[in-house]
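Novice: Residue strings, one per chain:
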Amino acid sequence: MGMTLTEKILARHAGLPRVEPGQIINAKVDLVLANELSAAVAIGVMRKIKGASKVFDPGKIALVADHFVPAKDAQSASLARLMKDFAAEQKIEHFFDVGRGGIEHVVLPEEGLVAPGELIVGGDSHTCTYGAFGAFATGMGSTDVAAAFVLGEVWLKVPASIKLVYSGTPGPMVYAKDIMLRTVGELGIDGATYRAIEYHGTTVDELSITGRITMANMAIEAGAKNGIFHADAKTIAYVKERTDRPFVVERADADALYERVIEIDISALEPQVACPHTPDNVHPISEVTRDDLRVDQVFIGSCTNGYIDDLRIVAKILEGRQIASNLRVIVNPGSQKVWMQAAQEGVLTTLAAAGCAVNTPGCGACFGGHMGTLGDGERAISTTNRNYVGRMGSPKAEIYLASPATCAASALTGRITDPRVLELAGV
Amino acid sequence: MEATLRGHAHKYGKNVDTDVIIPGKYCNIVDQTELGKHALEGLDPEYVSRMKSGDIIVADTNFGCGSSREVAPIAIKASGTAAVIAKSFARIFYRNALNIGLPIFESAEAVDGIESGDEIELEPASGIVRNLTRGTEYRAAEFPPFMRSLIDAGGLVPYVEGRLAAADR
Numbered sequence: 001m002g003m004t005l006t007e008k009i010l011a012r013h014a015g016l017p018r019v020e021p022g023q024i025i026n027a028k029v030d031l032v033l034a035n036e037l038s039a040a041v042a043i044g045v046m047r048k049i050k051g052a053s054k055v056f057d058p059g060k061i062a063l064v065a066d067h068f069v070p071a072k073d074a075q076s077a078s079l080a081r082l083m084k085d086f087a088a089e090q091k092i093e094h095f096f097d098v099g100r101g102g103i104e105h106v107v108l109p110e111e112g113l114v115a116p117g118e119l120i121v122g123g124d125s126h127t128c129t130y131g132a133f134g135a136f137a138t139g140m141g142s143t144d145v146a147a148a149f150v151l152g153e154v155w156l157k158v159p160a161s162i163k164l165v166y167s168g169t170p171g172p173m174v175y176a177k178d179i180m181l182r183t184v185g186e187l188g189i190d191g192a193t194y195r196a197i198e199y200h201g202t203t204v205d206e207l208s209i210t211g212r213i214t215m216a217n218m219a220i221e222a223g224a225k226n227g228i229f230h231a232d233a234k235t236i237a238y239v240k241e242r243t244d245r246p247f248v249v250e251r252a253d254a255d256a257l258y259e260r261v262i263e264i265d266i267s268a269l270e271p272q273v274a275c276p277h278t279p280d281n282v283h284p285i286s287e288v289t290r291d292d293l294r295v296d297q298v299f300i301g302s303c304t305n306g307y308i309d310d311l312r313i314v315a316k317i318l319e320g321r322q323i324a325s326n327l328r329v330i331v332n333p334g335s336q337k338v339w340m341q342a343a344q345e346g347v348l349t350t351l352a353a354a355g356c357a358v359n360t361p362g363c364g365a366c367f368g369g370h371m372g373t374l375g376d377g378e379r380a381i382s383t384t385n386r387n388y389v390g391r392m393g394s395p396k397a398e399i400y401l402a403s404p405a406t407c408a409a410s411a412l413t414g415r416i417t418d419p420r421v422l423e424l425a426g427v
Numbered sequence: 428m429e430a431t432l433r434g435h436a437h438k439y440g441k442n443v444d445t446d447v448i449i450p451g452k453y454c455n456i457v458d459q460t461e462l463g464k465h466a467l468e469g470l471d472p473e474y475v476s477r478m479k480s481g482d483i484i485v486a487d488t489n490f491g492c493g494s495s496r497e498v499a500p501i502a503i504k505a506s507g508t509a510a511v512i513a514k515s516f517a518r519i520f521y522r523n524a525l526n527i528g529l530p531i532f533e534s535a536e537a538v539d540g541i542e543s544g545d546e547i548e549l550e551p552a553s554g555i556v557r558n559l560t561r562g563t564e565y566r567a568a569e570f571p572p573f574m575r576s577l578i579d580a581g582g583l584v585p586y587v588e589g590r591l592a593a594a595d596r
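Just so you know, the protein sequences line up as chains A and B, in that order. Letter by letter, the first sequence follows residues 1 to 427 in the numbering used here. Letter by letter, the second sequence follows residues 428 to 596 in the numbering used here.
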């Protein structure tokens, strides 16, 4: 019996000829990631480990200040400071401060720190994003991160894999976000717990790198350990533009064993919306739109949809128009590089002219940290990945998750709106 | 090995996510006692004032889904909560709970057989869950041998220390 893509990568990193689901392995890591929140706890744990004075390899650790930055308050500033001092002490090569990085999962691929076949662990649940590049990547807590800092290895239980096979061409105003919301809706928020998701099919072969990032990013929303795509010519071109580091492109065997195979035809898929208060409460937009479903805030950004492609879609819809008078729109380009490119293309000017507040990159609004927190009774539509109670601030707020196009359409009307209506109107 | 635990149950539903266990706005708090004051605040703002040290959280499936924030099990433990019994746990929370030493028990039968307010006795070593109020007894799922050895060693930190010492020899 052959191995799945995840099993192939895990076997090689464990130095084993093969691995099977359920097996516990020790695997070498190619990169360990932390942000200022997970790093602060991990650094504290590392200080307690007797005999651990140094990280295993200062070139294989990435530290990104992104959650409460620019510092929300003195306490947040001190956490970022703690990480910065640790980076200097340990001579960490990949340290990204405010203004030099952005959201960790946007930054790492941009900087060439993610390549096919690699094994990456990070102190953030959306570390699974790097599966877009054919890497095994999973989120962990800070104690596990501290252990990986020191050992350069992690213990892992080999997950069984779920194969998702997509077919069909997306219709107008239907994007990777809609496909992934539909997928999370179908699997349920614990439908892939302890499992690997392996994405297949003609639909995802045609997807851009950004689209694959959006889909891999939300594997955790179905509880998955990782979500992974096969690297293809697009992936290899993207990575080779950014690093000279050698990498091994792995492929699932033709006779690999999958726990489940699910076929998803997206030909007739409408734009999708995850309604309050779980990411699997997903409905086609035609079932969601109502005249009285007014929104107070539209948020565009995050590690799910803070990429240049996403901002271009929003700018195209808002160009030459004004957002509805009774709401606010907050845009966070995902990284400094995305921000720069959007500035050079005039995207940021278009958004600002339409009435959007354009922020510096960061995670704040998405997780209820700062820079876009919701108040009691407020309703938001957001390009982010989670809509749990209190996720973006008040536990009395409602969050709807959707694509950048659906969010932009809603920004124009002031209520949750099918972007295809605008398309028909020639917007 | 951990001693027997005894406390009253506080029962919740499925998919208790990390955003309600410790809302994002508290994730920059380092002081564990302070974190403990906000445990479960997004789900049950009265939990911390109502519970007594040693009490037990009982929940349905997928407890701890969402974020990787280790402050979620830390906040629960720091609130004085002795353990969590759930039908199932989300993957990262499960690992984090073991790593920081929050006892967790996986048993659908036990959860179905416990109501809020019941007095519960737990034996972490054997996984035995006793409902003293109703006179019933359950056995939680056993930890796989590797995880059991981590727990018995006192968590991941002693395990890493052992690995470092072995590498030095």
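There could be a bad hint or two in this list.
[Said to hold, decoys possible] Calculated cross-link-like contacts (lysine-lysine; reagent style DSSO-like; alpha-carbon spacing at most 27 Å):
(1) Lys316/A <-> Lys60/A
(2) Lys234/A <-> Lys337/A
(3) Lys337/A <-> Lys240/A
(4) Lys452/B <-> Lys72/A
(5) Lys514/B <-> Lys441/B
(6) Lys316/A <-> Lys91/A
(7) Lys72/A <-> Lys28/A
(8) Lys234/A <-> Lys157/A
(9) Lys60/A <-> Lys48/A
(10) Lys452/B <-> Lys464/B
(11) Lys28/A <-> Lys157/A
(12) Lys514/B <-> Lys157/A
(13) Lys157/A <-> Lys441/B
(14) Lys479/B <-> Lys438/B
(15) Lys464/B <-> Lys72/A
(16) Lys441/B <-> Lys479/B
(17) Lys396/A <-> Lys464/B
(18) Lys240/A <-> Lys396/A
(19) Lys72/A <-> Lys84/A
(20) Lys72/A <-> Lys240/A
(21) Lys452/B <-> Lys396/A
(22) Lys84/A <-> Lys452/B
(23) Lys438/B <-> Lys452/B
(24) Lys28/A <-> Lys91/A
(25) Lys464/B <-> Lys54/A
(26) Lys441/B <-> Lys464/B
(27) Lys464/B <-> Lys337/A
(28) Lys479/B <-> Lys514/B
(29) Lys234/A <-> Lys60/A
(30) Lys48/A <-> Lys464/B
Just so you know, these hints were derived from the structure itself, not from any lab.
Novice: Hint by hint, work out which the structure violates, then give me just those numbers in ascending order.
Specialist: Hints 1, 6, 7, 8, 18, 20, 25 and 27 not satisfied by this model.
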